[in-house]
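Once you've looked at the hints, dock chain B against the given chain A.
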Amino acid sequence: QKEVEQNSGPLSVPEGAIASLNCTYSDRGSQSFFWYRQYSGKSPELIMFIYSNGDKEDGRFTAQLNKASQYVSLLIRDSQPSDSATYLCAVSKGSQGNLIFGKGTKLSVKP
Amino acid sequence: SQTIHQWPATLVQPVGSPLSLECTVEGTSNPNLYWYRQAAGRGLQLLFYSVGIGQISSEVPQNLSASRPQDRQFILSSKKLLLSDSGFYLCAGGGQGNTGELFFGEGSRLTVL
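Residue numbers (the numbering used here), protein chains in the order written: chain A, 2 to 112; chain B, 862 to 974.
Calculated from the structure, these hints are not laboratory results.
Worth double-checking, as some hints may not be accurate.
Subject to a maximum C-alpha distance of 25 Å in a straight line, what follows is the list of computed SDA-like cross-link-like pairs (lysine to any residue) [unchecked claim]:
(1) Lys-43(A) <-> Asn-893(B)
(2) Lys-94(A) <-> Glu-962(B)
(3) Lys-43(A) <-> Arg-933(B)
(4) Lys-104(A) <-> Glu-967(B)
(5) Lys-94(A) <-> Ser-918(B)
(6) Lys-107(A) <-> Arg-903(B)
(7) Lys-43(A) <-> Ser-926(B)
(8) Lys-104(A) <-> Leu-943(B)
(9) Lys-104(A) <-> Ala-18(A)
(10) Lys-43(A) <-> Gln-863(B)
(11) Lys-111(A) <-> Thr-87(A)
(12) Lys-104(A) <-> Glu-920(B)
(13) Lys-94(A) <-> Gly-913(B)
(14) Lys-43(A) <-> Thr-885(B)
(15) Lys-94(A) <-> Ser-862(B)
(16) Lys-104(A) <-> Ser-947(B)
(17) Lys-94(A) <-> Thr-889(B)
(18) Lys-104(A) <-> Ser-919(B)
(19) Lys-43(A) <-> Glu-887(B)
(20) Lys-57(A) <-> Thr-960(B)
(21) Lys-107(A) <-> Gly-902(B)
(22) Lys-94(A) <-> Ser-911(B)
(23) Lys-43(A) <-> Asp-946(B)
(24) Lys-104(A) <-> Ile-19(A)
(25) Lys-43(A) <-> Ser-862(B)
(26) Lys-43(A) <-> Ser-83(A)
These stretches of chain A come out as covered by chain B in the derived footprint (C-beta under 8 Å, 3 or more residues) [to be verified]:
(27) 31 to 45
(28) 100 to 111
All values reported here derive from a predicted model rather than from experimental measurement.
Ideal Cβ positions, reconstructed from N, Cα and C, are used throughout, including at glycine.
Just chain A, same shape as in the assembly:
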């Protein structure tokens, strides 16, 4: 079983819609969860992190964590063409734990 799994996509949504990106992880000891955005040919940039069950909102982005189901998601409201990128989910075991990345989901927002 892969440690961090994501649907590779591409996920295509129309401009203005909500994009929903999902991630599952295998290690129940995982404590911190991250979402990165990576534009083609560029390095990943951190969007959000979450480590408590529930929702965390930051502007148009909402991260959701369910540790019992080992599931993390990212919602992007009012999707824009500039949101088109690959979204990477990453998981770590704690403050000194190394991040394990999923392969990413490619999002395409159509004007």
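Relative to chain A, chain B alone:
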């Protein structure tokens, strides 16, 4: 916040040639530092990490090596490149504290021919 600098940004090397990628960090001291590789169509693979000068942990056995000669300097090397070494190499810093997020450099794209 910390800033990660990497160079060179791109390079094309023949099989069997040596490699040296350099990474420096600004804005923090005693950072954890990481080298990741991202091959085409694949996820980020952790290659090495370092928690201090001279301290290197290898995650994947291969023909690459890493060194940390100074607190804010992290170097990825190879004596003889293989075709399979092609990829996008990313240096990252962070991984500490309550949040543990990583900040990435601009990346170095290596093509081995």
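### Message
Under the constraints set out in the numbered hints, which ones does this structure not fulfil?
### Response
none
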